[in-house]
Amino acid sequence: MSIMDHNGGSVVAMAGKDCVAIASDLRLGAGAMTVAMNFEKIFPVTDRIYLGLTGLATDITTLRDRFRYLVNMFTIKESRSIEPSTFAHLVSSTLYSRRFGPYFTEPVLAGLERTPSGGFKPYIAGADLIGCLNFAEDFIVAGTASDKLFGVAEGLWEPDLGPEDLFETISQTLLNSVDRDAYSGWGAIVYIITPEKVITRTLKGRMD
Amino acid sequence: MVLTFCPPKGRTTIFSPEGRLYQIEYAMEAISHAGTVLGVLATDGVVLAAEKKVTGKLLDLSEAKEGRYGGSGEKIFLLNSNVIGGVAGITADANSLVNYARSAAQQHLLRYNEDIPVELLAQRLCDLKQGYTQFGGLRPFGVSLLYAGYDPHYQFQLYHSDPSGNYSGWKATCIGANNGTAQSLLKQEYKDDITVEEAIGLVMRTMSKTMDSTTLGSEKLEFAVLTVDPVTKEPRAKIYRPAEIDALLVKHDLAKKDEDAEMKAT
Amino acid sequence: MECSFALTGKDYVIIAADTTAARSIVKMKVDEDKIKTLSPHLLMAYSGESGDTIQFAEFIERNIRLYHIRNLYPLRPQSAASWIRRSLAESLRSRSPYTVNLLIGGFDTADESPHLYWVDYLGTMASVPFAAHGYGSYFALGLLDRYHNPDGSLEEGLDVLRRAINETAQRLVVAPGNYIVKVVDKDGTREIKL
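Protein chains in written order, with my numbering: chain H, 1 to 208; chain U, 209 to 474; chain R, 475 to 668.
Hints listed in this document are in silico derivations from the structure and should not be mistaken for laboratory results.
Among the clues, some could well be false.
In silico DSS-like links for lysine-lysine, alpha-carbon gap of 27 Å or less [to be verified]:
#	chain 1	residue 1	chain 2	residue 2
1	U	441	H	197
2	H	77	U	428
3	U	265	U	379
4	H	77	U	395
5	U	446	H	77
6	U	261	U	395
7	R	660	U	441
8	U	441	R	484
9	U	260	H	77
With the hints as extra help, turn the sequences into a complete structure.
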C-alpha cells in the first residue's frame, strides 16, 4: 500500500454558475483501522477560497498550518486578501520546494476569482504532491476514492449549475464514490462558495 | 535574532555618571510630543483612540477609505486577529515594530495553533526593545505602544510598553502628548464595571479635551474597538474607517459643526 | 505488547497505559509509569521504540514546563497537542525520527472542557472522544464505539475502560498484565486504582 493511502480520505471540487463547491469525507484511518470520524480535510483560506488536502494526514495538518501562515503574511504585507490564482501558485511553489522529499498530499482548491469588471469567476485547481498544477473547467478529484470520483463526476456533472443543484451534484458524487472505497467515508462535509456567502453542510452517508 | 548582526561597538546607550540612560529618556521625550493614543478597558471589550498628526487637504487618504484593515495606517494597527496596537512616537520606528509584532504573532499561531496571548505579544516586543537599550551602536526604538487584546486566559486586556522595554497592564491609560491631562481625566471618570458603549463615550470625551483642535473629525482621529463575537466567541477587532468615525462623533455629539448647515437651519 | 487507552467523559479524560517495559520477548520491568503529567491539567501516555519514548517524553515534558514557568500559565491542551504534533512531524523528516505514539488528554481550564488527542509517530493528530494505541486498539475501539458515553460520569467511564482492558486481556495473546490509570479534570491530574 502506498503512503498516500495510509490515512485514507477523498476530496472533490466542482465549478458551477457563479459558484464553486468543494467536499470531502471525514474519515481518518491508520491503514485499515479507523481512528477518527471527524477529521476535516478542507480548510478556509479566505472568504472565497477553500483548500482541500488529501493524502498523509500529518502532512495535511502541517500544510494547513503552513498555508495559513503564508496567507496571513501575504494579507499583512499586501493589505488585501489573496486571489485563488495567486494562491494556487503559492501551493505549487510550496510543494515544489520539497521536490526531493515531498509532502505526501494532493491538494484541491476551489474559489471565486475576482474579474477586472468586479464580478466573480469560478476557479478550481488541483495539484500533484510536488506541485504540478492542474486547472479544470468542470471538476477536480483527489484521494483514495479518486478513481471512483472521476467516474461518478463524469456522469453527474453538467455545466452552469446553480448553488443548490451544484450541492446536490457534488454530494451525490462524493457519497456514491466513497461507498465503494474502504478508506474513505464516515460522513462528508460540503462547502458551496457563492459571491455573497459560503454554505456549509455536513452529510451522513453509510456510517460504516 | 536581530541582535546577532550588531557587534558591540559604539557607546550609544551607556549609563551617565548619575546612573541614567539618557538615550532612553530622550526617546521618552520624543514620544511625549507625539499624537495622543488612549486606551480604555471595559468589561466586554477594549477601546483605542488616537490623534493623527499628519493631516492636510493634499494628503492622499484614498487607501484609508476602503483598503487596509481600516484606519489610515498612521497610529492604529491590527497586530493580530485578537490584538489591536496603538503607537506613539517615531512613525518609521513604529512601522518596523508593527511588522515585527505581526510576524511574531503569526509565528506563535504556526507553533501553537492558537492566537498569541496578549501579554506574550507585548513581551515579545519588549524583549526586542530592551535589546536596543543595552547593545551598542544603535539607538532605541522611539515608540510607546498600547496593546488592546483578548485571549482566553485573561479575557480583555490593555497593555502599555515604552522604549526601555518595560510593559504594564492598565484599565485605562494614555500615551503621547498631554498624556498627564488625559490620565487624570480617565482616573476621575473610570468605573470598574464600564461597558464598551460607555468606554467609547469616555474615550471620545477625553480625546476632545486633550487634543489641540477644538473640534473632532475623522481627519484628526483614529478609532478602534475590540470585542468578542457573541455567536462564535472569537475576538472581533474593528478599526473604524473615516466615515464610521464621523458617524460615531455625530452619535456622541462631538462632531464638527457644519456652519453652513447651521446658518440654513436658523 | 504495549497498549494504551483513553476516553473522555462529561468533564474529565481518563488515560490508561500498561506498565511493562519489554526488551524483545523479555519483560524487564512491570511497574513502569508511561503516563507523564505535562502540566497541572495535561496528561500524555507514550508508547513505541523504547529509547525514543523516554527521550521524547522528557523533551516534551521539559519544554511544556518551561512555557509554564515563562508565562505563568500553561499551554492549553489544544495548543500543547499542536506543538507536540509538530515536534513529531518535524522529527519524522529528520535524520533520526522518534518512533513514539501518544495519547494526550487535558482539561482546558479556560473553557472548562475535556480534550483528548490521538497522535502517532508520523505526527498525525486527531481530536477524538476515545482512542487507543497498540494491539489493544483492535479490541478496544469496537467496545468503545458501542459503550462510550461522552456525557458519562467518571464511574461510567471507568466501567467502559474496564471492559476494554478485560477484553484485551481475554483475547490478546500478548496482553499486558498491569495498567496505570490516570484522570484529568478541573481539579488537576491524579492516579486511580481500577
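Any of the earlier hints contradicted here, and which numbers? Of the numbered hints given earlier, those the structure breaks are 3, 4, listed in rising order.
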